[in-house]
Amino acid sequence: MRPENTANWKKSYTWVLIANTIYIMIFCLIMEMFS
Amino acid sequence: MQQIDWIVLSATLLFIVVYGVWKTKGSKNVEDYILGNNETPWWTVGLSVMATQASAITFLSTPGQAYHDGMGFVQFYFGLPLAMVVICYTFIPIYHRLKVFTAYEYLEQRFDLKTRSLAAILFLFQRGLGTGLTIYAPAIILSALLGWNLTFMNIAIGVLVIIYTFVGGTKAVNVTQKQQMFVIMSGMFITFFLILHLLPNDMTFSNAMHIAGANHKMDVVDFSFDPETRYTFWSGITGGFFLALSYFGTDQSQVGRYLSGKSVKESQMGLIMNGFLKVPMQFFILLIGVMVFVFFQFNPVPLNFNPNNKIAVENSKYKNDYHTLEDKLDKLSEEKKEINLLYIDHLNQNYDNPILRKELVALSSKENDLRDEARELISKADNKSETNDKDYVFIHFILNYLPKGLIGLLLAVILSAAMSSTASGINALASTTAIDIYKRNVKGEKSEKHFVNATKFFTLLWGIIAILFACVGTLFENLIQLVNIIGSIFYGTVLGIFLVGFYVKYVKAKAIFWGAVMSQLTIFYIYYLDVVSFLWLNFIGAMLTIFLSLVLQIVIKKDRITA
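Protein chains in written order, with my numbering: chain A, 85 to 119; chain B, -2 to 560.
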């Protein structure tokens, strides 16, 4: 493996967490609509 | 199975094996064979990580889980993205900096040889059993439904995997997992749309979701703190996080996938891809199960999906009682079908009828009671039988309702999933045995070729052990539970060792080794006392290892100062 600066990837980390928070919000919305 | 199904199934599997061998033969050195020469791009790393985790049981069991218990199981994966971030941020840069071939190599550099050997042996024990299961679990289900010989299936799956894993090592595992994921996801998408097509004519996807919701199958997120409920938002975030951290961060079958990345960035991006896609992928697989549930609201449904259970009752004195229950279920299904059709009619007029919803709930409850009674009869007829039929729901649907050709494709999906997990398992077992045990203890200077051949030999050896374990699988009453328990017992200690290594600089070799040994013994005792669910043993094991090693380090330091 070649060494690389990991700082740029902090943005991706944040996006993963944001994306998963949005998924959970969508799941709650689906529950609200159909349950 | 028609001829076309056989052609689709054989052509798909053979293509993957031949392509894997052809693309990756001729490894020159250990780095090439174990790390794939660090040439793997991020998206292959990501697909490989996902294919390794998604075993055949994922595609057989998960839809069945949704059929019986709804979408709540997806919460179990809520902690995974957070674990991916922690691994990308901490684990990957450290593994890279130390240029390791296996995760356990790091432990010798941070602590000492005996800590490395302890973690490697715990891994070999648990993954050795687990890899046998990844072959056995789909083989037992497919042999029950298709009448195929179980031993032949175990050997066929095992041999196909050994061929390309032996020839191409990690590169072959990664290359074939790309094809396998393509087959798996296309098969699942086609099935999803086909189920929607098989639903009654005037039924929209939204109506199907309403029917699922009326039957409590769409209760996706549960924020309650009820300890009786296994899958909640909180247990997913905490338990799921620790399990994912152990599995992706310390299990060589996963670590080996991202260590083969072209660079740190590519390895991280592969795991980030998993963090983005895992939750929606599991949601989608569960949704397929829910749509299968909706499908069976309009089609004949068996009392128990496992055909062996029915045979067991048919050959017992409870045969007539079982037939009575079947008649009751048929009548109930007819009643449900009529109410569902009426409910759809009202939905099409934009009216979500609460009275019909209540009736549907009441009928579902009656159906569950009938199924419980059937399970009791099955247990009385054969007390060794597994009455939980969730593993058989989806395959029952595939074999009875999918068109010719697609059955072959879906069987290819299940076997591809089995092969992808098995290949990663065998590859990781061979790498760990060769690097952590053999290379570390062999005397004298040996050539690169010697170690490539040794790793190949261990690949063959572990492949044969996995097949043998799969062949004696029937000797154990509940194999899946057994392997899950073994995993929970050992994973916690190994994770604890790694967490101390990464985050607690104060703790040194002697303290972590004895702390880990004491923690492992305590976990054995807690398991023996049976005071907590085995699902929590992982978390307890990790915390105990950290705590005990800290205490021991303080004691050791004090002793030195006094001396």
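It should be emphasised that the hints constitute simulated quantities derived from the structure, not laboratory data. The beta-carbon is built from N, C-alpha and C at its ideal position, and this holds for glycine as well. Any given hint might turn out to be false.
Unchecked claim - Quick list of the computed label-pair ranges, beta carbon to beta carbon: (1) Asn345/B to Leu113/A: 44 to 50 Å; (2) Met182/B to Leu101/A: 22 to 28 Å; (3) Leu101/A to Glu311/B: 51 to 57 Å; (4) Pro351/B to Leu113/A: 18 to 24 Å; (5) Lys25/B to Leu101/A: 38 to 44 Å; (6) Leu338/B to Leu113/A: 26 to 32 Å; (7) Leu113/A to Asp366/B: 49 to 55 Å; (8) Gln346/B to Leu101/A: 55 to 61 Å; (9) Leu113/A to Pro197/B: 23 to 29 Å; (10) Leu101/A to Asn438/B: 41 to 47 Å.
(request) Give me the numbers of the hints this structure contradicts, sorted from smallest to largest. (result) 1, 7, 8
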